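Trainee: Same order as they appear, the protein sequences are chains C and B.
Counting with this note's numbering, you get residues 1 to 243 for the letters of the first sequence.
Counting with this note's numbering, you get residues 244 to 451 for the letters of the second sequence.
If you are wondering where the hints come from, they were derived from the structure by calculation, not from laboratory data.
In this text the structure is predicted, and so the values were computed from the model without any measurement.
Glycine is no exception: its CB is placed at the ideal position from the N, C-alpha and C atoms.
Where hints are given, some of them may not hold.
[Said to hold, decoys possible] Not everything, but these chain C residues come out facing chain B in the computed CB check (under 7 Å):
#, residue
1, Tyr30
2, Glu32
3, Thr34
4, Asp102
5, Ala103
6, Gln104
7, Pro108
8, Gly117
[Stated by the list, open to error] Computed far set for chain B versus chain C, every beta-carbon distance over 10 Å:
#, residue
9, Ala258
10, Ala265
11, Leu326
12, Leu330
13, Arg375
14, Leu381
15, Val392
16, Ala403
17, Arg407
18, Leu414
19, Leu435
20, Ala437
21, Gly439
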Amino acid sequence: MRWGRRGATAAAAPPLPRTAVELRDVTHAYGERTVLAGVSLTLTEARIGVIGANGSGKSTFARLLNGLVVPTAGTVLVDGLDTRTQVREVRRRVGFVFQDPDAQIVHPTVAEDVAFGLTNQGVPADEIARRVDEVLVQYGLDGHRDHPAHLLSGGQKQLLAIAGVLVMEPQRVVFDEPTTLLDLGNTRRVARVVDGLEQDVVVVTHHLDLLAAFDRVLVFEDGRVAADGTPAETVPWYVARCG
Amino acid sequence: MLSLYRPGTSLVHRARAGLKLAALAALGTGLFAVARIEVVVAALIGVLAAGLLVARLPAGVLWAQVRPVWLLLTGLFVFHLLLTDPLTGAVAVLRLLTLVLAAAVVTATTRVTALVAVVEWLLRPLEVVGVRPARVGLMVAMTLRFIPVVAERAARIREAQAARGASGMRLGLLVPLLIQVLQLAATLGEALDARGADDVPARRPRRA
Numbered sequence: 001m002r003w004g005r006r007g008a009t010a011a012a013a014p015p016l017p018r019t020a021v022e023l024r025d026v027t028h029a030y031g032e033r034t035v036l037a038g039v040s041l042t043l044t045e046a047r048i049g050v051i052g053a054n055g056s057g058k059s060t061f062a063r064l065l066n067g068l069v070v071p072t073a074g075t076v077l078v079d080g081l082d083t084r085t086q087v088r089e090v091r092r093r094v095g096f097v098f099q100d101p102d103a104q105i106v107h108p109t110v111a112e113d114v115a116f117g118l119t120n121q122g123v124p125a126d127e128i129a130r131r132v133d134e135v136l137v138q139y140g141l142d143g144h145r146d147h148p149a150h151l152l153s154g155g156q157k158q159l160l161a162i163a164g165v166l167v168m169e170p171q172r173v174v175f176d177e178p179t180t181l182l183d184l185g186n187t188r189r190v191a192r193v194v195d196g197l198e199q200d201v202v203v204v205t206h207h208l209d210l211l212a213a214f215d216r217v218l219v220f221e222d223g224r225v226a227a228d229g230t231p232a233e234t235v236p237w238y239v240a241r242c243g
Numbered sequence: 244m245l246s247l248y249r250p251g252t253s254l255v256h257r258a259r260a261g262l263k264l265a266a267l268a269a270l271g272t273g274l275f276a277v278a279r280i281e282v283v284v285a286a287l288i289g290v291l292a293a294g295l296l297v298a299r300l301p302a303g304v305l306w307a308q309v310r311p312v313w314l315l316l317t318g319l320f321v322f323h324l325l326l327t328d329p330l331t332g333a334v335a336v337l338r339l340l341t342l343v344l345a346a347a348v349v350t351a352t353t354r355v356t357a358l359v360a361v362v363e364w365l366l367r368p369l370e371v372v373g374v375r376p377a378r379v380g381l382m383v384a385m386t387l388r389f390i391p392v393v394a395e396r397a398a399r400i401r402e403a404q405a406a407r408g409a410s411g412m413r414l415g416l417l418v419p420l421l422i423q424v425l426q427l428a429a430t431l432g433e434a435l436d437a438r439g440a441d442d443v444p445a446r447r448p449r450r451a
């Protein structure tokens with residue numbers, strides 16, 4: 001299974017606007033510990049993978065992209081919007097899926113949780129109901145509409161977390177190790193969902209085989225981008241680095 | 244409450260959450276105001292009819308709520324047998340049983356968001372002193388959501404400790420659980436930000 005370009009289902013729908021994310025000399029530190037140092041990048045590709053060892057700065061980089069973390073120095077711009085000063089608008093454009101879905105699901109039942117983000121945006125109730133129904137069907141959760149979230153399987157929880165983000169119709173979605181806690185079957189299931197998205201995606205992952213069809217892969221090492229290129233260029237290089 | 248909701252289209256399901264909660268409060272007040280066995284029995288029959296016949300809830304859903312208090316009710320009846328009389332004991336037990344069943348019917352036929360909306364509505368007058376009802380409602384919903392999550396994590400820690408030879412370490416559970424809960428809370432805070440919790444409108448839109 002590979003995460004690739006936008007799926008066939010996207011062909012019929014009007015294309016979403018593309019997002020451009022620009023990092024200008026970004027540094028981030030937690031106290032004394034610098035986790036990202038002088039990173040400058042422009043991200044315009046539809047499918048971008050991020051790999052690297054634990055503690056290399058991948059997750060902090062991912063969090064910078066929708067303003068969950070603001071840089072200690074430097075600037076992050078999403079379509080020209082500064083994540084430091086225009087964070088609400090940035091978060092409407094860039095969704096974020098966490099590694100642990102249990103930390104992302106905030107309502108006790110499935111449909112209520114999917115509706116959460118739309119409710120926050122003040123979307124009218126009829127529109128919320130319509131969009132929630134669509135997303136639940138799309139991700140095979142319509143049979144679990146009123147199901148307690150804590151009784152879902154790991155894969156279903158991750159799909160629910162993804163549905164809760166996608167219902168808000170972001171233009172780009174950042175996934176922070178979305179398959180790390182999943183078994184092979186659920187990993188493939190989530191990968192198929194990511195593969196079918198019409199949104200631009202950034203995926204932080206340790207599952208290198210899933211990145212083969214991506215447009216670009218960034219390799220992080222000690223808070224810097226150590227390699228940047230196509231999967232064919234970067235993944236073997238990274239594997240060789242790991243010994 | 245955590246997983247009791249049973250979807251349906253019955254009259255009880257469609258009734259407004261506020262009305263159901265008001266009826267529950269009125270029933271509780273009425274049962275304690277009138278200590279007559281025929282009134283209590285009639286109320287019990289009414290609640291059972293509402294739950295089983297009108298809302299068409301499975302008997303097991305109601306029994307699941309009674310089971311945890313069954314011993315307490317039995318003990319209460321025995322207490323009355325010894326200190327007062329059987330009739331007083333029967334009234335006391337049936338009164339509590341009726342309330343437990345009524346609460347079960349309300350929670351089994353009402354979505355959490357609808358109950359939370361009632362909480363928010365009740366808190367609305369406090370907006371003048373700075374209370375944000377939507378925030379309080381979110382806290383209530385999240386409390387219900389995270390009770391089973393924290394319980395699951397506690398069970399995992401217990402298993403991990405048992406696997407390494409520990410047994411009966413109730414205090415030893417607290418520190419790792421607290422650390423995990425704090426980590427969960429940190430990620431949850433990020434998730435709330437990412438999902439626009441900061442944008443919570445003053446009033447949530449009503450369901451269609």
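Trainee: Confirm or reject each hint.
Mentor: Tested hints:
Violation of the interface hint for Tyr30/C is found here, the shortest Cβ-Cβ separation to chain B being roughly 12 Å, above the 7 Å cut-off. For the restraint placing Glu32/C at the interface with chain B, the shortest Cβ-Cβ distance is roughly 19 Å, beyond the 7 Å limit, so the hint is violated. Checking Thr34/C against chain B by beta carbon gives a least distance of about 20 Å; that is not within 7 Å, so the hint is violated. The interface hint given for Asp102/C is met, as the beta carbon of that residue sits about 5 Å from the closest beta carbon of chain B, less than 7 Å.
Contact between Ala103/C and chain B, as hinted, is supported at the beta carbon level, the nearest pair being about 4 Å apart and thus within 7 Å. Residue-level restraint check for Gln104/C holds (minimum Cβ-Cβ distance to chain B is 4 Å; threshold 7 Å). With its C-beta approaching chain B no nearer than about 5 Å, Pro108/C sits inside the 7 Å limit, and its interface hint holds. Evaluation of the Gly117/C hint against chain B yields a held restraint, the C-beta minimum of about 4 Å falling below 7 Å.
Distance to chain C confirms Ala258/B as a non-interface residue, since its nearest Cβ pair spans about 17 Å, more than 10 Å. With a least beta-carbon separation of about 22 Å from chain C, Ala265/B lies farther than 10 Å from that chain, consistent with its non-interface assignment. Look at Leu326/B: its CB is around 41 Å from the nearest CB on chain C, clear of 10 Å, so calling it non-interface holds up. At roughly 41 Å from the closest C-beta of chain C, the C-beta of Leu330/B stays outside 10 Å, upholding its exclusion from the interface.
Residue-level check passed: Arg375/B sits 13 Å from the nearest beta carbon of chain C, beyond 10 Å. In this structure Leu381/B is not separated from chain C by more than 10 Å, as the shortest Cβ-Cβ distance comes to only about 7 Å. Listed as a non-interface residue, Val392/B fails to keep its Cβ farther than 10 Å from every Cβ of chain C; the least gap is roughly 5 Å. Every beta carbon of chain C lies more than 10 Å from that of Ala403/B, the smallest distance being close to 16 Å; the non-interface claim holds.
Look at Arg407/B: its CB is around 22 Å from the nearest CB on chain C, clear of 10 Å, so calling it non-interface holds up. Distance check on Leu414/B: its Cβ is at least 25 Å (rounded) from any Cβ of chain C, clearing the 10 Å threshold; non-interface status holds. Not every CB of chain C lies more than 10 Å from the CB of Leu435/B, the least distance being 7 Å, so the non-interface label is violated. Interface exclusion of Ala437/B from chain C breaks down, the closest Cβ pair being 4 Å apart, not more than 10 Å.
Not every CB of chain C is more than 10 Å from the CB of Gly439/B (nearest about 4 Å), against its label as outside the interface.
Hints 1, 2, 3, 14, 15, 19, 20 and 21, counting from the list given before, are not met by this structure.
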